[in-house]
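**Q** So you can see what is in the structure, the chains are spelled out below.
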Amino acid sequence: MKLTLSWLRRHLDTEASLAAIADRLVTLGHEVEDVVDRTRDLAPFTVAYVVEAAPHPNADRLRVCKVDTGRGVVEVVCGAPNARTGMKGVFAPVGTTIPGTGITLKRSEIRGVASNGMLCSEREMGLGQDHDGIIDLPDDAPLGKPFAAFMGLDDPVLDLKITPDRADCFGVRGIARDLAASGLGRLKPYPIAAIPGLYQSPVTVRLGLHAAARDACPLFLGRHIRGLKNGPSPRWLKDKLIAVGLRPISALVDVTNWLTLDLNRPVHAFDAGKLTGDIQVRLARPGERLAALNGKTYDLDADMTGICDDSGVLGLGGIMGGQSTGCSEGTRAVFIEIALFDARRTAATARRLAIESDARQRFERGLDPAFAGAGMEEATRLVLELCGGEPSHVVVAGEAPPGLPALSLRPSRIAGLGGLAVPAGVARTRLEDLGCGVAVEQADRWIVTPATWRHDLLVEADVVEEVLRLGGFDAIPPASLPRAAALTRPVLTQRQNRARRAKRCLAARGALEVITWSFLPKAHALLFSGPHGAHPDLRLANPISAELDWMRPSGLPNLIAACGRNADRGIHDLALFEVGPAYADATIKGQTLVAAAIRRGLTGPRHWLEKPRAVDAMDAKADALAVLAACGVAGASLRVTQGGPDWYHPGRSGELRQGNVVLARFGELHPRVLAGLDVAGSVVGCEVILDAVPDLKDRGSRTRPALDASALQVVERDFAFVVDRAVTAEAIVKAARGADRALIADVAVFDVYQGKGLPDGKISIAIAVRLQPRAATLTDAEIEAVGTRIVAAVTKATGGTLRT
Amino acid sequence: MSEQPDVLQARLLVEVAAAASAAALEAIRVAALGRNGDVTRQMATLGKLPPDERKAAGQRFNTLKERVADAITAKAAALAGADLEAKLAAERLDVTLPARPEASGRIHPVSQVMDELTAIFAEMGFTVAEGPDIEDDFHNFTALNIPPEHPARQEHDTFYFPEGEDGSRKVLRTHTSPVQIRHMLTHKPPFRVIAPGRTYRSDSDMTHTPMFHQVEGLVVGSDIHMGHLKGCLRDFCEAFFEVRDLKMRFRPSYFPFTAPSAEVDIGCARDKGQIRIGAGEDWLEILGCGMVHPKVLANGGVDPDHWQGFAFGMGIDRIAMLKYGIPDLRAFFDADARWLGHYGFGAEDVPTLFGGLAR
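Chains as they are written, first to last, in my numbering: chain A, 1 to 804; chain B, 1001 to 1359.
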């Protein structure tokens, strides 16, 4: 919403400076997006008189002008074809920076004649594109005075962001009222007198709306004005419209724009000579079209409110008029429309047709239903003043709906909700200054009747807001929240702590945390969706791009794609992780929190001591185990199973389970998947399903079990077993450990071998067993005995033999 | 003719002192104190002396033997030390060579700021609530006093899922406010919660991304008023931006789910594209807030006649950009290793109020 300072002052009696007004507007909730004050840029430009424009002695196209600047006569060389003796123009002395070009004028000599300044064109002034000639001012322009003041260009323009609830502030008067109610100035009276009709309107109006659509247009006022002459608007009107970015067209059109901007009362003027029969307001019929005033043609449907005559739809109610009945130079009679249209239907129609207009902006927020009659009188007055003519009686169809119902306000709520005690008298004055009615029933029970132009006072809190707003929220003293307890208590849930620990754990392991979109291309979703395909509920109906049309079923695909992008930038060795959602379906339970991590390339840069190695599935397994450990899951409680979902390498992947619950998956990614994501080379990764990790039980005590560190000598013995390749290391370790649970403290695999020296299909797995005696140092015989038991247990469990 | 004991001692001590290696020293030891050594042999002759001389001579020889043995031990240690020094001197390492590389991981600025938010709001008694990204119409709009035909729905640039069989369609939550409703419906007041998380709007340009992060705050009690709203947000902003007496401005605004509603600006200075929080005369909008609308309380199953409070919503990415001077929002989601290395945080940089939020 744009307005100028002088426009505001038509409604507001105030001495306040522009800065003070702008500050107050912000305090009132009207964000000032821009203040344009051209006074400074245009200050050097003054009105000058061309005493004589003589031909240049050395150039056919140039003239040498003797220019009276009001402070003396100077000689200026001018190339404009319209420079002539006796004209008034805009003079810029030497030293002036020309706004349109940014060039600073210097004293110069043009083809042997000195030039001491410049007569300016509109384009040079930054006021328009007209470059055909210099500005030709009227004879009454005051010599030597600032050009900007004479043209009304010294009027600063404010651009406000009006919140959608404040329909009333889409008119300059509404803004003036808000400022006045806040104590900045006084709202000037705006008396509107009824103008008697002189004849019956030859055009009548009928509301042809069926019962279900009656609210589409509850009220329509029309008035015929004949014998008028349309022409250009007077300067004051043109200046205001130009200042706020509108193009003056003709007096009739400009008046309708003026009323829209000034009083927030959209008006439409039909050229009465172009109407066919009477006006009817009805819903459009499918197939009907409107060639609108913006030059575009729209296909209408049966939800849209049409202003029609016998020829069809003339305009869309509350949005835009049509070309067929628009006013022109030749218009001799008009039919003026002042109506109320339903906000929702107006908004829906304009949205569907993608039409932005000043009328739409106002109707979809709501107009003052009580102002239709006065609006018609003001429109009539302006048309008669600018164009002459005589008015008919007003024709009326329908009736104005009431404003919002009265509300009960407990003044004690101002302090109770707002935290600031406002004296009752002040509160009441503020509400009344906004146009609300206040009736005091009891000291703490007022009845507040919202002004008819307010559509936002619906509950008591809205009224409290108005009282506080007019005094500024800055007046409310801040108060720290009272502490519920002396000390801060832990606030995170176990699930939240798991997420936090997983992030810190993976970062400590050298991975970079990334955040990627929750959506991805369907093709990527399919790669991670398993045999049943992507869940159809996870498709976005209106994706931001066709490439991001599906919710991600896993955290891995975006990480792998990011890996590819980094490789394109020359970063090939990389570890990335993301702790975020994966979606199995569109339900709440379908969203799970997953820590996903990938590694690609080498373990590090080349180094003089050690060669880096390629990352492998065991790195991914280590990441998964570390995250689980960080989340309180002991490695010993986990079972490792071979294989994983089909986005992993079938032979080099596994799952970590507690019971049958999969807590994590890890392994090399399937080459088919990498190809689908356009990533070269091998990538390993893991997914830890943080939502599957069980909460730790609160043991009620933080005491740790006593340390069991025996003073007796530990004995370590190595064994190597030759087993079938299908036998897992875990089976051997488990069997060995079971051979003597009291004595065996640890079993660790330290070597795996296959190949030369072993039969086909066989593998050798070597384990180190630590024996921790409890009672007395072990004798050779005891060590021998437990060794025998270990070999027997492993042989029994795996069919393997001791390698000798 | 055997040497006099004092001559013998003097000779042996000279020889020990002159020994150039451990082997030479051992040869001296054997020659002196070995079974056929000079000292051993002379001591064997003591028995032939008259008894009155035998005792004194024995003492003399014992002293001699001890002195020589001590000298040999000391010399052996000195020789060993010199050998070690010589060996170590030969073992020089060029310590300017690089140590073994260790990959340094990083925490994303959004995670870091979420931890900072948690640290601050926990101090004020808040817990952390969560809700799903895929929301229904009720929680994302209707319960927040945004009925189906409300213009605010259009302004939200909502991502929709296809219509279900009952004609309803789910949405990607456009803000974290639905978590307010979920929390109210499952807990009893009073409330102090924040709800950080992913939010989505169908908007993509220089300053907008289709996914971003918000943190919602909800405080409900029997007497929580707008002064508390201002105090709580002031306390937060001063702690988060680590600026004392931060200039703040509460501008009236409009949100369907709060009344009164306000937008909050903080003071800043803009200089050559850099923003400094807390200095200068400019203002920077950082959040929207207000007193929870009575209809929203009622929709959350909370009696608005007994309970009241405030709510706020803030862009996490935005405050991260402001605090840490990160220029481009889109880079947050691009997973560029160089960006993460530069703007990310170390795993050990856990923000606490006692240690300071950031360095």
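If you are wondering where the hints come from, they were derived from the structure by calculation, not from laboratory data.
All values reported here derive from a predicted model rather than from experimental measurement.
The beta-carbon is built from N, C-alpha and C at its ideal position, and this holds for glycine as well.
Honestly, I wouldn't trust all of these hints.
[As the list claims (entries may be wrong)] Pairs of lysine-lysine, DSBU-like flavour, derived with a Cα cap of 35 Å: (1) Lys2/A x Lys1188/B; (2) Lys611/A x Lys796/A; (3) Lys229/A x Lys2/A; (4) Lys697/A x Lys1247/B.
[Claimed, not checked] Some chain B residues flagged as far from chain A (calculated, every beta-carbon gap over 10 Å): (5) Leu1172; (6) Arg1276; (7) Lys1323; (8) Arg1359.
**Q** Quickly compare the C-alpha distance for Lys611/A and Lys796/A to 35 Å and report which way the hint goes.
**A** Distance ~41 Å between Lys611/A and Lys796/A Cα, so the pair is violated.
**Q** Quick check for students: does the CB of Arg1359/B sit more than 10 Å from each CB in chain A?
**A** Its Cβ never comes within 10 Å of chain A, the nearest being 16 Å, so this holds.
**Q** Going straight from one Cα to the other, do Lys2/A and Lys1188/B come out at no more than 35 Å?
**A** violated, 47 Å
**Q** Hey, Lys697/A versus Lys1247/B, does the alpha-carbon distance stay inside 35 Å?
**A** violated, 46 Å
**Q** Just to be careful, I want the Cα atoms of Lys229/A and Lys2/A compared with a cutoff of 35 Å; is the pair within it?
**A** Holds, because 30 Å separates the two Cα atoms, which is no more than 35 Å.
**Q** Over 10 Å from every CB of chain A: does Lys1323/B meet that, or does the non-interface label fail?
**A** holds, 17 Å
**Q** Confirm or reject: Leu1172/B is not an interface residue toward chain A, with every Cβ-Cβ distance exceeding 10 Å.
**A** violated, 8 Å
**Q** Is Arg1276/B truly not at the interface, in the sense that its beta carbon sits beyond 10 Å from all beta carbons of chain A?
**A** Correct as stated: the minimum Cβ-Cβ distance to chain A is 22 Å, above 10 Å.
Checked against the numbered hints above, the structure violates hints 1, 2, 4, 5; every other hint is satisfied.
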